[in-house]
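Protein chains in written order, with our numbering: chain A, 1 to 643; chain B, 1 to 176.
Source of the hints: derived by calculation from the structure; they are not laboratory data.
Using N, Cα and C, we set each Cβ at its ideal position, and we do this for glycine too.
Treat the hints with care, as some may be off.
Facing chain B, from chain A, some residues (calculated, C-beta under 7 Å) [unchecked claim]:
id: 1; residue: L315
id: 2; residue: L319
id: 3; residue: G323
id: 4; residue: F326
id: 5; residue: A330
id: 6; residue: A374
id: 7; residue: S434
Quick list of in silico lysine-lysine cross-link-like pairs, DSS-like style, CA-CA up to 30 Å [unchecked claim]:
id: 8; chain 1: A; residue 1: K529; chain 2: B; residue 2: K81
id: 9; chain 1: A; residue 1: K471; chain 2: A; residue 2: K421
id: 10; chain 1: A; residue 1: K529; chain 2: B; residue 2: K105
id: 11; chain 1: B; residue 1: K66; chain 2: B; residue 2: K41
id: 12; chain 1: B; residue 1: K171; chain 2: B; residue 2: K41
id: 13; chain 1: B; residue 1: K66; chain 2: B; residue 2: K171
A few chain B positions that, by computed beta-carbon distances, are all more than 10 Å from chain A [as the list claims (entries may be wrong)]:
id: 14; residue: V14
id: 15; residue: G18
id: 16; residue: G24
id: 17; residue: K40
id: 18; residue: A89
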Amino acid sequence: MIAEAGLAALWLAAAMALLQLIGGLTLLRGGAGQLVPLIKPAAYMQGALCAFAFFALMWLFYVTDLSVLLVASNSHIDKPMIFKLAGTWGNHEGSMLLWVAVLSASGAAIAVLEKRVEAKTLYATLGVQAFIALGFFAFLLFASNPFERLVPAPVEGAGLNPLLQDVGLAFHPPTLYIGYVGLSVAFSFALGALLTNQVGPAFARAMRPWVLAAWIFLTIGIAAGSYWAYYELGWGGWWFWDPVENASLMPWLAATALLHSVSILATRNALRAWTIMLALVAFAMSMAGTFLVRSGILTSVHAFAVDPERGAFILALMLIYTGLAFVIFALRIGTVKQGEPFQLISREGGIVANNIFLSVILAVVLIGTLYPLAAEAMGDKISVGPPYFNKATVPIMVLLMLALLIGPMLRWRRDEIMRIKYWLIGATAILLCSGIAVWKLAPDIGIFPLLGIALSLALAVAAWLPLRGRKLLRTPLPVFGMVIAHFGIAVSVFGMAAESGFSKETLTALAPGESAEVSGWKVTLDDVKPVVGDNWVAVEGEIVVSKNGDAVVLRPQSRQFFKPEMQTSEAALLTRWNGQLYAVIAQPDQEGDGRWQVRLWWKPFVTFIWYGGILIALGGTLSLFGRMFRRAKKPAINKWQRA
Amino acid sequence: MNRPWLLWIPLAVVAFFGGLAIFGLAEPEDTQVHSAMIGKKLPEFALPAATAGVPALSNTDMADGKPRLLNIFASWCLPCKAEAPYLEALKAAGVEIDAIAIRDKPEDVATFLAEFGNPFRRIGSDRELAVQLQLGSSGVPETYVIGGDGRILFQHMGDIRAEHVPMLIEKVNAAK
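Can you make the complete structure from the sequences, with help from the hints?
Here's what the structure looks like:
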C-alpha cells in the first residue's frame, strides 16, 4: 500500500507543478492571471507531496519490502540498518526522487520565506522551478519509477555495491545533489528576474542565501568524496581529475564565482548581466555533471549507476533547460541596464579577477573533460589525465591566490594600491622567505608545490587582515565567514602542496615478522588473519608501526564482498598532527612464498586538505547564518523606531 | 552591448556539448583494443617450457604458416580458471592455442593443467614479464590472434566468455 501511495503522491505533485507553471505563464503573458493566487499553494502542496513520497520510499527500505523492485535490487535482509536507509538514495531511482523532493521543498521554502523581491518576480521564479520539476517528474514517472513492484518477491534481495557501503559515501551523493538543486533555485531566480526585468540588488539578496547554501553543500560533498576516494579506493590519492570528480568540481567553480559576483550585485549593484550568466552556467554545469555521471559516456573509475538510456533523458532535460535559458538570456539581457561603475583597483576589481580566474579554470576543466569525447567524434581514442589538468589549472590557481592576497583588503568602488603598500611588502617578504626556506630544505621539490606552500603561508596571514581595525564584537558574521573561508583555502592548499611535494611511498612484500621502513617509521607485519563481516570476508594484516617509541597497530584489510561479488581494499590510516601513515594490504605475493604485498605511504599534512574544506564550509555557514540573522532582526528595529 | 552576437556564445557552447553528447550516446560502446602492436610482427623471444611435458615457446614456433591463438595466463589468476572451459571449446573447434604463463612455477602450472585441462600446444614461461610487456599486454588473462606469418592480428583483454568463442574462431579462420 505504501508504495502505491508514494506513487500517487508523485503524480499529484506533478499535477501541482503543472498548475504552478501554467499560473506563472498566464502572469507573464500579461493576462488577467486568475490562476496566480494558486501558485503559492501549489508550491506548498508539491513540496509536501514529494516529501511524503520520499519518506514512503525510505519506509520501504526500512522494512525491506522486497516486493518493491528497487528495494529487492538494492537492499538485502542482512544489511546493516544505516545502509538499508542509505539504500533509499544509493541508486538511480531513489536519488532522482531525492532530487525532486529537495527541489520541491526548496520551491515551497521560496514561496513561504521570500519577501524581498517583487511578487511578479517571485511568481516567475516559482514558475521556472515548476518547469524544472516537471521535467524530473516525467523522468521519474515514465523512465525510473522508484515504486515499481516485483512479482514474485524474492526472499533476500541483491545488495548494494560494496564500495558504497560506507558511512561517508552514504551521505556524499545526497550532499552533492542538494548542492545541485540549490543551484537550480539560483537558476530559477535568475530567469525570473530576467523575465520580469528585476535584475538588481533586491533579486541578488533573495538569490544569495540559496547560492551560499548550495555552495556549502557542494564544498562538503566534494571534500567528503575526496576523502572517501582517498581511504576507500586504496590508491592513496585525493584527486584524480576523473570525469566524475570533474563533474562535481565544475558546478563548484561556477558557484564560487557566482557567490562572489552576487555579493557585488547585492551590495554595489554592479556586474548584473555577468551574475545572471553565472547563475545559468552554474545550473547548466550541475545538469551536465549529472548527465556525465549517469550516462557512462566517459570512462570513469567510479561510474556507479550507468545507464545510457537514462543518460539520454537527462541530456534532453539539460538541453531544454539550458538551451531555453540561454535563448532568453540572449534576447532579454539587452534590457538589463548597466550597473554602477567601479575602478580597476577596488574590491569589485578584485572580485572580477576572482571571477575571471575561476571561469578560466572552469573552461580548462570542461575542455579537458570533454576532449576525449570530441576526439572520439573525430575518430581518435584518447584520454586526458592528470598531467594536462595539473599543468593547465595550477598556474591559474597561483594567479587566483595572488589576487586573494590583495583583493579582500581593497575598498569598494575605488582604492589606491599605495594604501596597502605595507601589506604588499609584507606579503612579498613572506613569499620570498618561505619559498627560499622550502627550497633550501628540499632542493628537488617541484615548482608548484614550492609556490603552493609559499602562497598558502602568505594567504594564512592575509586571510585575517580584513578584520584589522574592526571592533570584533560588532563585525558582521559574513565578514568572519569570508575570513574563515579564505583561511580554509590557505590550509587546504598547504595540505595539497605538502602532500604532492613530500610524500614518501614504499611498495614491499612482507612475510609475518618482517619489517620495512617509510619516512622514519618502522613498519612490521605481525600477523595476517581472516576476519568476517556482515556481508564480507577479509584478510586483515596486523601491522605495528613505530617511530621514536610511539608504536601503534594498524589493521588494513583486503575485503571480499559477496552479493554482489567484489574485492575492495580498506586502507588503515595513522593520523599524526603532521601527516598520515597510509597502509594497504593487497593479495598474497604471487610467488606463493608466504609474503604479502604491503603498500605504505607517509603523507605529510595531507589531512589539512580536508580540514581546509571543513573551514571553507564553516565560513560559508557563518556567512549564511549572518544573513539570516540580520534578516530576522531588521523588522524588530523598525518596530522599535515606530514606537 | 555593442556586439550582440556575443550573447549567443553560451547557447552555441550548449549546442556543441549537446552534439558531442548525442554522438557519444549513439556510438556503440567500443570494446576492441586499439593496440599499437596490431599488424606488427611478434617480438623475438624464446621462453623455456613452463612445465614438464608441454614444449617451450619461441616466436618462430608461431610463424609456421598457421594462424592460432596466443593465451597469456597464470595458475594464480582467477579469471584464467573461469575461461578454461572456453579455451577447451576453442580447441575442440580446431583452433590451435599457444600460451605464455606469467610469473609461475612449473609445479603450479602442472596442478593448474591437471585441474582445468590442457588446451595448449606449447607453453612458455615468462617469469620476469619481459615478453608480456613487449606484447603490450597489461594483465592476465589476455588472448591474441597471431597470423601464420607471426603477426599480431587481434588482442582480447580479460577472460574469454561464451560469447567470445565464435568471434575468436572467425578471426582465426579469416587469417587462413
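Hint-by-hint comparison with the structure:
no.: 1; hint: L315; in the structure: 5 Å, holds
no.: 2; hint: L319; in the structure: 5 Å, holds
no.: 3; hint: G323; in the structure: 6 Å, holds
no.: 4; hint: F326; in the structure: 4 Å, holds
no.: 5; hint: A330; in the structure: 4 Å, holds
no.: 6; hint: A374; in the structure: 6 Å, holds
no.: 7; hint: S434; in the structure: 40 Å, violated
no.: 8; hint: K529/A - K81/B; in the structure: 25 Å, holds
no.: 9; hint: K471/A - K421/A; in the structure: 23 Å, holds
no.: 10; hint: K529/A - K105/B; in the structure: 25 Å, holds
no.: 11; hint: K66/B - K41/B; in the structure: 14 Å, holds
no.: 12; hint: K171/B - K41/B; in the structure: 17 Å, holds
no.: 13; hint: K66/B - K171/B; in the structure: 13 Å, holds
no.: 14; hint: V14; in the structure: 5 Å, violated
no.: 15; hint: G18; in the structure: 5 Å, violated
no.: 16; hint: G24; in the structure: 4 Å, violated
no.: 17; hint: K40; in the structure: 18 Å, holds
no.: 18; hint: A89; in the structure: 24 Å, holds
In terms of the numbered hints stated before, the structure departs from hints 7, 14, 15, 16, listed from lowest to highest.
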